[in-house]
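Trainee: So the chains spell out like this:
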Amino acid sequence: MALLSSLFQRWRSGGATSDPRLLPEAQLSGPMPWVIAIMIALTVVAAASGLALRNAAETASADLEGGVTVQIVTAAPSERLRQAAAVVSVLAKAPEVADVRQVAQEELNTLVEPWLGTRPGDDVESLPIPALIDVRLKGPATPDRVAHLRALAVPVASSARVDAQAGWLAPVFAAIGTLQWLAGGLIALLALATIAAVLLASRNALGNHREAIEIVHMLGGTDKQIARVFQRSMAFDAAAGGLVGLLSGVVTIAALSRQFAGLGSGMVAGAVLHWQDWIVIAAIPVAGVALAVLTARVTVLAALRRML
Amino acid sequence: MSQPDAEIVQFDNVGLRYGTDKEILADVSFTLYPGCFYFLTGASGAGKTSLLKLLYLAQRPSRGLIRLFGTDAITLPRERLPGFRRRIGVVFQDFRLVEHLSAFDNVALPLRVAGVSEKDIARPVGEMLDWVGLGDRQHARPATLSGGEQQRVAIARAVIARPDMLVADEPTGNVDPDMALKLLRLFESLNRLGTTVVVATHDVHLIRKVPESLIMRLDKGRLSDPTGALRYPPRRTTMAGADAPPPL
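Top to bottom, those sequences are chains A and B. Under the UniProt record's numbering, the first residue of the first sequence is numbered 1, with each subsequent residue one higher. Under the UniProt record's numbering, the first residue of the second sequence is numbered 1, with each subsequent residue one higher.
Extracted from the complex, chain A is given alone in its bound form:
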């Protein structure tokens, strides 16, 4: 940060316009770049989390969108096999169905293995596990389509239960939506905190330079000329803080990504950031600088208006 400050200081003093020398360069600095760095880092992490959650939800939703599961819930193995074959046969002819297949017994055994175990001598196949039929539709599994499939299946398989796969994850999607709102709320709060910090820093700087401001006023300086000095100072502070905050945020995101990747969960695997998301994240410090500069301008102009 010290190196950055020194670099920015050089740029400040080398400004081509005459404004920098209207007033001593307003020392908004102090803790301001650090405050903004923390705000930006938290905003970056919150935004990345929100975007990753959205991507995970979209990926899961796309996978399940056209998926329908038919369960044949009957204890008699022969009847179960008969009804399953009948349902596959009927649904394969339905116009909205793109693909239909009965889930093989080996796959079912694998699915229930975590709950039923694999001790030698266990006869899993003798358990009344429902037959599963995976149906892929040409479009989304709307309630009407699911009802139509049910109407086709039940006459040939009385123990058939037809469900849209997306319906099972509805509570998960609702939770993800809530978390996204939470991330948005957090970003809004961070923006408000940034505004408050900039407002206080600007007022403090105005107080420190009140005499110089009065002199510049008496010499014919305009409010906008004076405000520009404070804006420029705030822009440099916010840019330095924003850069540090962005780097910190990105490092945190990378660390979190590695942690979550280790979970190996299918849904978490969809929680990745696309290049568009990285553009949004890169824009956060820019937005932070704009917000800080605008706040400084409004604060300074409002204060100057109270002077003659």
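Any given hint could turn out to be false.
Some chain B residues judged to face chain A by a derived CB distance under 8 angstroms, without partners named [stated by the list, open to error]:
#	residue
1	A58
2	P82
3	P110
4	I215
These are calculated hints, taken from the structure and not from any lab test. Where is the CB? At the ideal position from N, CA and C, for every residue including glycine.
Model the placement of chain B on the given structure of chain A, informed by the hints.
Mentor: For chain B alone, kept in the frame of chain A given last:
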């Protein structure tokens, strides 16, 4: 030729009070004309500085009418004040130099405020500092300058932009008699170029040095006109041919 009817400043029954205190200035009426040299005298506490503050628009009066450069200064919108202030050079009694800026940057302030480019600033500012005898102290901060040097920087800053009116509050209070005379000659030179000069002082010797000057006298906030010149201002000619103040 300056025309007496083309007044640069007009005060009409002006009063000034701070809060609910009694008036510091009461029923002040006078007219200033372009190209004239005025002294404002009076004892300490008579209201000279307050009157000057009204002149350079640092203060609004409590009552009365003030016209500056032909415009009503009382109802002047705030955003138009900078334009008027740029036409007035001010030498403050307490100098009011910007502490963080060098002597050069302090003198350059009015030019920078007016938007003059950096390449057009260095030469006139350098020359002006030479005129006030501070050519070798350009980079000095006010804190390192003596009282007299600070006063000369303040004067250089006030005249650098060739204002239409120069208002100086005790401008020679902190300099030796020789420098006081030199500064007075600088004011006279500017005056000959057409600048209206108003100098507040209680130094009678200084007033005598400018025989053609007009005198306003403040006594307990009320203005008197000992020479009658405020009521019946003489016509006078500005020296249009003069091109620069003489070196001090």
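Trainee: Indicate, hint by hint, whether the structure satisfies it.
Mentor: Status of each hint after checking the structure:
no.	hint	result
1	A58	6 angstroms, holds
2	P82	5 angstroms, holds
3	P110	5 angstroms, holds
4	I215	26 angstroms, violated
Of the numbered hints stated above, the single one contradicted by the structure is hint 4.
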